[in-house]
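These protein sequence lines are chains A and B, in that order.
Take the first sequence: its letter number 20 is residue 301 in the working numbering, and every next letter is one higher.
Take the second sequence: its letter number 207 is residue 628 in the working numbering, and every next letter is one higher.
The set of hints was computed from the structure by calculation and includes no laboratory data.
A portion of the hints provided could be inaccurate.
Residues of chain B clear of chain A, computed beta-carbon distances all greater than 10 Å [unchecked claim]: (1) 454; (2) 461; (3) 482; (4) 500; (5) 522; (6) 527; (7) 528; (8) 622.
Below, a list of computed lysine to any residue pairs in the SDA-like style, where the Cα atoms sit at most 20 Å apart [claimed, not checked]: (9) A:323 with A:362; (10) A:347 with B:492; (11) A:347 with B:530; (12) A:323 with A:288; (13) A:347 with B:483; (14) B:530 with B:590; (15) B:530 with A:303; (16) A:323 with B:475.
Glycine included, each C-beta is placed from N, C-alpha and C at the ideal position.
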Amino acid sequence: MKFHAVVDIQLHPGIADPQGSTIERALPTLGFDGMSNVRSGKSVHLDIEAADAAAAEAQLQEVCEKFLTNPVIEGAEITLVEAS
Amino acid sequence: MATVGVIRFPGTNCEFDTVEAIRALGGGAEILWHGDSSLGNVDAVVVPGGFAHGDYLRPGAIARFSPIMGAVVDAAADGMPIVGICNGFQVLTEAGLLPGALQKNAGLKFINAFQTLRVESTNSVFTSAAEVGQELSIPINHFEGNYTCSPETLAELQANDQIVVTYVGNPNGSVADIAGVCNVGRNVVGLMPHPERASHALLGSEDGNVMLQSLLQSVGANV
Numbered sequence: 282m283k284f285h286a287v288v289d290i291q292l293h294p295g296i297a298d299p300q301g302s303t304i305e306r307a308l309p310t311l312g313f314d315g316m317s318n319v320r321s322g323k324s325v326h327l328d329i330e331a332a333d334a335a336a337a338e339a340q341l342q343e344v345c346e347k348f349l350t351n352p353v354i355e356g357a358e359i360t361l362v363e364a365s
Numbered sequence: 422m423a424t425v426g427v428i429r430f431p432g433t434n435c436e437f438d439t440v441e442a443i444r445a446l447g448g449g450a451e452i453l454w455h456g457d458s459s460l461g462n463v464d465a466v467v468v469p470g471g472f473a474h475g476d477y478l479r480p481g482a483i484a485r486f487s488p489i490m491g492a493v494v495d496a497a498a499d500g501m502p503i504v505g506i507c508n509g510f511q512v513l514t515e516a517g518l519l520p521g522a523l524q525k526n527a528g529l530k531f532i533n534a535f536q537t538l539r540v541e542s543t544n545s546v547f548t549s550a551a552e553v554g555q556e557l558s559i560p561i562n563h564f565e566g567n568y569t570c571s572p573e574t575l576a577e578l579q580a581n582d583q584i585v586v587t588y589v590g591n592p593n594g595s596v597a598d599i600a601g602v603c604n605v606g607r608n609v610v611g612l613m614p615h616p617e618r619a620s621h622a623l624l625g626s627e628d629g630n631v632m633l634q635s636l637l638q639s640v641g642a643n644v
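So here's chain A without its partners, still in its complex pose (with noise of 0.2 Å):
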């Protein structure tokens, strides 16, 4: 099966976030206000073959600890959407 995947990388909760930071304190200056808590990351967008669902979710962890990420500082939420 033909599978579409998107990795959401995400700073861990606590790691300071520099790009986010900036974000935010622009905001303001730019009349964007009420907005908090910036985090900014990365995504991975790929497409996977595996036998199922499960399968290409075990397969994109193991990519995620040992390529996609730095577990150190980030973690991954992986989405996976069934190819047409």
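Starting from the known structure of chain A, arrange chain B on it as the hints suggest.
Frame of chain A, contents of chain B only:
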């Protein structure tokens, strides 16, 4: 003569400066290619500065999978002196040879400036010839030099005397002003400042030489 291997990845740009600085002190140095899976006959390794593999994904994230890194990990376990400078520090943390991680500077600025450092521990292969409390003027040149670790890791670093050098006046937001750390075995050291760029009066400082001399002395060179 004791020889230091200086690893060149695609995108490394401080390998020749590092080789030159070591040779100027009377040590031997040669370039190692990242695609080789052996360290040859070198006695120590420097992972130098630059942008290995373009720093894509994260600095060091791809470099740690270069064939030579397997040999570096094995050599580190055998006690060989391994030093990571700037991008090399990032590579060694990604490879799991050093604790913590380097992320974007607080303030999001690339900083290229002389920086005063304080030697915190002389019990490492890169600071053994220095003195505790000694202040060194050595340049930093990085965007992602903000040393980050969990409170538990920081407590371990402090308890084990693994913080090797700190910044006097924190330039980048690093936890506990950390500029460089070593592993528990004290044979692997990583730091963001560039001692090879402070190796001659013409460069504005010779304060980096005490670190390079420490490394050479750790492999038996009389320098």
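So, going through the hints one by one against the coordinates:
1. 454: Label holds. Min Cβ-Cβ 22 Å, cutoff 10 Å.
2. 461: holds (28 Å)
3. 482: violated (7 Å)
4. 500: The assertion about residue 500 (chain B) holds, with a minimum of 24 Å to chain A.
5. 522: Answer for residue 522 (chain B): violated, closest chain A Cβ roughly 4 Å.
6. 527: Check fails; 5 Å does not lie beyond 10 Å.
7. 528: The claim is violated: residue 528 (chain B) sits with its nearest Cβ about 7 Å from chain A, within 10 Å.
8. 622: holds (36 Å)
9. A:323 with A:362: Holds - the C-alpha atoms of residue 362 (chain A) and residue 323 (chain A) are around 19 Å apart, at most 20 Å.
10. A:347 with B:492: holds (18 Å)
11. A:347 with B:530: violated (29 Å)
12. A:323 with A:288: It holds: about 8 Å lies between the C-alpha atoms, which stays within 20 Å.
13. A:347 with B:483: Given pair residue 347 (chain A), residue 483 (chain B) holds - Cα atoms ~11 Å apart, limit 20 Å.
14. B:530 with B:590: Distance of about 16 Å is within 20 Å: holds.
15. B:530 with A:303: Distance ~11 Å between residue 530 (chain B) and residue 303 (chain A) Cα, so the pair holds.
16. A:323 with B:475: holds (17 Å)
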